[in-house]
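Those protein sequence lines, which keep their order, are chains U and F. Going by the working numbering, the first sequence opens with residue 1, and the numbers climb by one from there. Going by the working numbering, the second sequence opens with residue 265, and the numbers climb by one from there.
No lab work stands behind these hints: they were computed from the structure. Since this is a predicted model, take the numbers as computed values, not measurements. The reader is advised that the hints may include incorrect statements.
To be verified - Here chain U is said to cover these stretches of chain F; the calculated rule only asks that three of the stretch's residues, wherever they fall, bring their Cβ under 8 Å from a Cβ of chain U: (1) 412 to 424; (2) 429 to 436.
Unchecked claim - Here are a few chain F residues that face chain U, going by a calculated C-beta distance under 10 Å: (3) Thr443; (4) Leu515; (5) Pro518; (6) Arg520; (7) Arg521; (8) Ala522.
Even for Gly, the Cβ is constructed at its ideal location relative to N, Cα and C.
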Amino acid sequence: MMLPDDAGGRPALEACGLTLSWDGGMHVVAEGIDLDVHGGEVVCLVGRSGCGKTTILHALAGLTRPVRGRVLLHGEDVTGQPGRVSYMLQKDLLLPNLRVLDNASLPLVLGGMPRAEARQRADGLFARFGLEGTQELWPSQLSGGMRQRAAFLRTYLMGNEVALLDEPFSALDAITRQELRTWYVGMSRELGIASLVITHDVDEAVSLASRVLVLAGSPAEGKPSAIVGEVRIERPGVDDFSITHAYVDIKREVMGLLGAEVAR
Amino acid sequence: MMRLPLHDARRDVRDIVVPLITIVALLVVWELAIRSGLVPNFLLPSPTQVAASLVEDAPLLFDHAISTFGEALLGLALGVSVGFVVAVIMDRFELVALALNPLLTVSQTIPTVAVAPLLVLWFGYGMLPKVLLVALTTFFPIAISLVGGFRSVDPDLIDLMRTMRANEWQIFWRVKLPTAAEEFFSGLRISATYAIVGAVIAEWLGGFTGLGVYMTRVRKSFGYDRMFASIVVISACSCLLMYAVNLLERLCLPWRRAERK
Ligand SMILES: Nc1ncnc2c1ncn2[C@@H]1O[C@H](COP(=O)(O)OP(=O)(O)OP(=O)(O)O)[C@@H](O)[C@H]1O
Ligand SMILES: [Mg+2]
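With these hints in hand, go ahead and build the complete structure from the sequences.
The structure is reproduced here in structure tokens:
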């Protein structure tokens, strides 16, 4: 049902014992991070602001080297190698000097595809991403939600089997957010993309993921973060999962994991 | 910038008319001050006298202006090129930036007027010392504005480019250069004003053609109306260069126009 295609097989992305720091180990943000994401699966990483979620994604994306530990992509060691997984950063980071269509097709162009062909390829996806009519606008002419959709499309066109998304739905209104979430889960399952999504919205995590990883700690006060719990979500076959008892129980469990650390 | 609730067309007209009225008013006051004897004519020529000598010497002024403009443009091109290369190297190699920074600042405190005679001494009365002086004065604003521009790039943007497998060159071309472009143009605007003035100063110290040469000649013959005429031409040349820079900026940064709306 919600089980990933290759359940039991080798995960698409694995992190083994990552210790992360921005200054070479003087000040550790997160410690002993083990996680895995399978193809077609959406895993959410939740945690309070500043606990190190973005730091973890940066390392998984290969942008920073962990002090300890390895990152594996289908078993291959890709630690510190950027460009192997798609990464949508917390900010939309559209280039102000490129039109929306050129922004979206940038990963293709950087990969060596001729500009016209890349534009055509991206153009075909504009309607599906709710961006129709914005092709020739500058990013500054888009609303926050539209900018995020464009960033989404660009991430999609990076075309990797693993996607890391840092609060991808934050600038969207509630309805669009719900739609885009549903669409994303469907699409990633269909294409077999392994997604690791950061959010600090517990409701979002529970409605999006098949597993929620809870990160807790306060690196700013010298207490490195760690994954304090993992909650599996088996969705019953009901349309509106968010009003079931099962949903409420799961949400309570995640909240508990987040809060337990604070109570100490 | 102040925003007034006017239609674009009306605003355009207003933007031209208001400064025009100021200039005309100033000229009228000046003319009246001379005519009424408030300011003695031997100290200051009237606008009409200046206009008359401007017309009279027009062909001569034009020739001189052409050579000044040429020197300024060549010097500016050289200054921009060197400034660009230095900025790129300083951005690429931190150690070079550390080494060059104080040198750059000190080089800027050396007054143009002090260097100009040396350049004339070394390179003679031809075009070269003028071009070099202009390059020397225009190089600094360009280098500084570009270094600042390169540095202002959001590091997350570079990270994003790396996740898209962009190489150094692609990051430079697609992210750093466009980000720095805005600051580059404000540097270029300053450099453009320095360029004409730099060329004129170099010409004062010796040469065969140029508005600076014309000025030293008419000063010797006490032709103050002609002196003012050359000032008008120098201003016009500077304005023309500024206008060209603005035009170039609009061409190179089309996305900026969308942002202002
Ligand atoms: N680029 C960076 N350079 C140095 N330190 C950083 C950098 N980014 C984050 N940090 C530090 O790492 C710690 C964790 O920050 P991080 O951005 O990973 O938190 P987060 O969980 O993503 O928070 P938020 O939910 O607010 O985005 C913080 O103490 C922060 O100061
Ligand atoms: Mg973050």
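Evaluated hints:
1. 412 to 424: holds (count 5)
2. 429 to 436: holds (count 3)
3. Thr443: Given a least distance of 8 Å, the restraint on F:Thr443 holds.
4. Leu515: 13 Å, violated
5. Pro518: 8 Å, holds
6. Arg520: At 9 Å from the nearest chain U Cβ, F:Arg520 passes the 10 Å test, so the hint holds.
7. Arg521: 9 Å, holds
8. Ala522: Nearest chain U Cβ about 4 Å off; hint holds.
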